[in-house]
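**Student:** Chain by chain, the residues run as shown.
Protein chains: 4
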Amino acid sequence: MYSIDLNCDLGESFGSWKMGLDKQIIPLITSANIACGFHASDPDVMAETVMIAKKANIAIGAHPGYPDLQGFGRRFMDLTPKEVKNCIIYQLGALSAFATVSGIKLQHVKPHGALYNVAGKDYDVALAIAEGIYSFDSSLILLGLSGSKMLKAADEVGLKNVKEVFADRAYEEDGSLVSRKKEGAVITDEKIAVQRVIRMIKDGAVTAITGKNIPIRADSVCVHGDNQKALTFVKTIRKAFEEENIRIQPFGSR
Amino acid sequence: MYSIDLNCDLGESFGSWKMGLDKQIIPLITSANIACGFHASDPDVMAETVMIAKKANIAIGAHPGYPDLQGFGRRFMDLTPKEVKNCIIYQLGALSAFATVSGIKLQHVKPHGALYNVAGKDYDVALAIAEGIYSFDSSLILLGLSGSKMLKAADEVGLKNVKEVFADRAYEEDGSLVSRKKEGAVITDEKIAVQRVIRMIKDGAVTAITGKNIPIRADSVCVHGDNQKALTFVKTIRKAFEEENIRIQPFGSR
Amino acid sequence: MYSIDLNCDLGESFGSWKMGLDKQIIPLITSANIACGFHASDPDVMAETVMIAKKANIAIGAHPGYPDLQGFGRRFMDLTPKEVKNCIIYQLGALSAFATVSGIKLQHVKPHGALYNVAGKDYDVALAIAEGIYSFDSSLILLGLSGSKMLKAADEVGLKNVKEVFADRAYEEDGSLVSRKKEGAVITDEKIAVQRVIRMIKDGAVTAITGKNIPIRADSVCVHGDNQKALTFVKTIRKAFEEENIRIQPFGSR
Amino acid sequence: MYSIDLNCDLGESFGSWKMGLDKQIIPLITSANIACGFHASDPDVMAETVMIAKKANIAIGAHPGYPDLQGFGRRFMDLTPKEVKNCIIYQLGALSAFATVSGIKLQHVKPHGALYNVAGKDYDVALAIAEGIYSFDSSLILLGLSGSKMLKAADEVGLKNVKEVFADRAYEEDGSLVSRKKEGAVITDEKIAVQRVIRMIKDGAVTAITGKNIPIRADSVCVHGDNQKALTFVKTIRKAFEEENIRIQPFGSR
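Protein chains in written order, with this note's numbering: chain A, 316 to 569; chain W, 316 to 569; chain E, 316 to 569; chain Z, 316 to 569.
If you are wondering where the hints come from, they were derived from the structure by calculation, not from laboratory data.
Any given hint could turn out to be false.
Because identical chains share one entry, a pair is satisfied inside a single copy or across any pair of copies.
Below 25 angstroms or equal to it, Euclidean Cα-Cα: the simulated DSS-like pairs (lysine-lysine) are [said to hold, decoys possible]:
#1 Lys544 - Lys333
#2 Lys397 - Lys370
#3 Lys370 - Lys497
#4 Lys544 - Lys467
#5 Lys496 - Lys436
#6 Lys550 - Lys436
#7 Lys333 - Lys517
#8 Lys478 - Lys496
#9 Lys397 - Lys496
#10 Lys369 - Lys333
#11 Lys544 - Lys554
#12 Lys527 - Lys397
#13 Lys467 - Lys506
#14 Lys550 - Lys420
#15 Lys397 - Lys497
#16 Lys544 - Lys527
#17 Lys370 - Lys420
#18 Lys436 - Lys333
#19 Lys397 - Lys333
#20 Lys397 - Lys338
#21 Lys338 - Lys497
#22 Lys397 - Lys369
Chain A on its own, in the form it takes in the complex:
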């Protein structure tokens, strides 16, 4: 039987500013990526988000980013690999403390935004991330773009890792995401998006933007919880998985 994880970025509020429909998306996913205070969140938001996830009994992971609140971690910052490694350790420790206090454990780590993108292409940064995670807790699982350098670095370090795919994004022939600046980067037809993901899970393949079929492995699908439309799409994809006999479960439990 096929199985898949649904992951979503959560705990992205900051101080008086609210973001995301966390309470509504949590029952629909299996793995929560929780912001750690560098690009979003703060100690109070982290404490609350970990508690909500615990009550819903879903798996949690750290979602570390660049130290850039104003830019929400979406702007590339030219940190050295050593600086990246220390940023990762700091953020893992901070989120991990709230997990400890709540009596649960972190399942995984998924770098955020620009750091995720850089780590997919820059092997030195990818290695710094993998080493940072492994040195803190070698049982953590890295969640990264299927086929990217981030996962290669994890393999090199001996860090468990799982492959993330996107339902709503087009792929290049080399398995990388089509840049949002290019036309066709985003799949807007929900039916097509669902069919693509099912094919990734069952056949290990996807049609690249060039029309060529390429191999791809899917352990986890990234979904969003920003608005009602996103929530509806998650319900749609869950129903489709059920009909296709694809079990939804956190990757850490396999």
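Chains W, E and Z: place on chain A using the hints.
**Tutor:** Here is chains W, E and Z on its own, set in the frame of chain A:
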């Protein structure tokens, strides 16, 4: 035989800004209070400071403060007890991660600056700190002002705690420090300062600013590593302890 | 004929986080208090907010606060009067630059949150604020709590100032606001709130929480633009003013 | 008679952290580039630095950088041109306010660190900076790398600009600075450094790292005030200029 700990605030550099003679003071002390990034320090400074302390084989502790880099955590901020607790957990986790990566464990926690002062007088804040520490790691030791509400809160929570005294500060009759705004708050004569500390250790007493003798218990003496004069004083006090047969050792090892 | 100003805090978004229905509230008010980046806002939000206010042809003012994004400037910070003064000058300059670039001028300054509250009671802080504003631009108008020390300090410094009242808040006999921690602090009945404001404007009086009538002067009423209910209330109060022949206009134009 | 300006980055302390021998370097230079709180400095440091410069009667300019205190503005951040423009306006306004309060005017603007480097090569960023400055105050002078795109953008916008040269850095054939990562990037022999600058001023030429002579124009020489060695070098270069009949004066006064 009498024994005493010497503690010092360390790792207070930030980015390109250097502060403190860390490498020179470390061999002279037994417990290092390491800043956690809220009032001073950053992930790189924390990584390096923990490594230096480890190599010198001294005990380390977290030195959490208010989130106020510009004010160096010395300006009171009106956080709720809940906000204080989450700030403590966040900072403990972050520093703890660098200890884990370095293969060592935290011995203690000492709140910094304005937070230290508030926690000495405001029981709700003191309790929030003690609960935050205990919930993260019940084996940690709280280092706080001898006779203060901070230690009372630790007792209430069941958190181990040790009593800090100051060689260069005058005391009120109730055991609190004389405010720096009052005349005579700082003991400038080094000989007198040394004699006062020895008396605190051996006799459990000190002469308050009013002239009255009051009881005081000393587990650890706070020393500074900001400049050459401070370093010289630490050497002086170490020599005096040796002559008085007072063993210098971290409180966690007793 | 009576006249009154309606002021509202605006430009409180930060980075990816949105706050306030700025575009909807702007046509309903006469003076906008724009955040300056310390407790809310950022350079991009400031640029946009000033442009929107300019297009709507309403008066703008700076809304400086404590340097505490996470706490939204609502947590007291123990800054020295000198630090407060420099924080004010810095924020005035920053917002003023966007006004200059847009070809308009600042009308006023209204301190935000905890700084507003402290300046109402602590004369040294009030004086620091008044001096900071006056030294930067002596033609600016300070908008502060009617009857507070903030306005007294402005008088002392020679700074023009206008008196702010609140429709939805109860008053103590001395003219200060009843603390939100006390019962009855907030007037929830909209009709009563409107009647109270009209009486303040026309009769220069209000009934304190004790039942006693006290004198109060109203130059500007603070309204909110956070949600639909707040917008509806502003429309209600505008209609009531019209019926009472109270002209709505910025205080700077009188 | 030849004339030259000596500029130096100042006001780079932050909170409790001190940096630079500002008081000692100020009497030796003619133009001070003052940090604006994004990569270094804070409102108190800015107030003090402007006052010191005023008393010494030297020209002052804004030294805006990326919003990255920990990285001291030396790490590239991928801001959009619009974000750069607003960051510039914000920082210009803030520093300008302290100048206004002190009764003096800004002479110039020199971007800092990574922003300076990017603006030398990326025309869109350069244009955003030039437009930001011009829109705030069209009489300001941009100080940028001689021959760089930053100055080209200033010309395009109609912004006055002057050409900066470095005594201690090697040049490529195209007039750009040799990357610090390459061997020979820094001229360590002080005599050679002085001779190179004199040739730039008098002959408008310098020998590139390849051995080829290239044209270069020098309006201002960048010097440092970080330590005693730097101060000594400034004294050396001043003496050499005197012997060569090169007048030292701020570019804004020509």
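**Student:** As a check of your reading, is Lys550 near Lys436 (CA-CA no more than 25 angstroms) within one copy, between copies, both or neither?
**Tutor:** neither (32 angstroms within a copy, 48 angstroms between copies)
**Student:** How would you label the pair Lys436, Lys333 (within, between, both, or neither) given a Cα cut-off of 25 angstroms?
**Tutor:** This pair counts as neither: shortest intra-copy Cα distance 32 angstroms, inter-copy 32 angstroms.
**Student:** Using 25 angstroms as the alpha-carbon threshold, which applies to Lys397 and Lys496: within, between, both, or neither?
**Tutor:** Between. Shortest inter-copy distance 17 angstroms satisfies the 25 angstroms Cα cut-off; intra-copy 30 angstroms does not.
**Student:** What label fits Lys527 with Lys397 when the C-alpha limit is 25 angstroms: within, between, both, or neither?
**Tutor:** Intra 39 angstroms, inter 38 angstroms, cutoff 25 angstroms: neither.
**Student:** How would you classify Lys544 and Lys467 at a CA-CA limit of 25 angstroms: within, between, both, or neither?
**Tutor:** neither (34 angstroms within a copy, 47 angstroms between copies)
**Student:** Up to 25 angstroms between alpha-carbons, please classify Lys333 paired with Lys517: within, between, both or neither.
**Tutor:** neither (37 angstroms within a copy, 40 angstroms between copies)
**Student:** Between copies, within a copy, both or neither: which fits Lys369 and Lys333 at Cα up to 25 angstroms?
**Tutor:** Only inside one copy: Lys369 and Lys333 sit 20 angstroms apart there, 28 angstroms across copies, limit 25 angstroms.
**Student:** Is it within a copy, between copies, both, or neither that the alpha carbon of Lys550 lies no farther than 25 angstroms from that of Lys420?
**Tutor:** neither (27 angstroms within a copy, 45 angstroms between copies)
**Student:** Indicate which option fits the pair Lys397, Lys333 if close means a Cα-Cα distance not exceeding 25 angstroms: within, between, both or neither.
**Tutor:** between (32 angstroms within a copy, 19 angstroms between copies)
**Student:** At most 25 angstroms between CA atoms: does that hold for Lys370 and Lys497 within a copy, between copies, both, or neither?
**Tutor:** Answer is neither; intra-copy 41 angstroms and inter-copy 34 angstroms both fail.
**Student:** Indicate which option fits the pair Lys338, Lys497 if close means a Cα-Cα distance not exceeding 25 angstroms: within, between, both or neither.
**Tutor:** neither (34 angstroms within a copy, 32 angstroms between copies)
**Student:** Checking an output row: Lys397 and Lys370, CA cutoff 25 angstroms. Within, between, both or neither?
**Tutor:** between (36 angstroms within a copy, 20 angstroms between copies)
Violated hints, in rising order: 3, 4, 6, 7, 12, 13, 14, 16, 18 and 21; the structure is consistent with all others.
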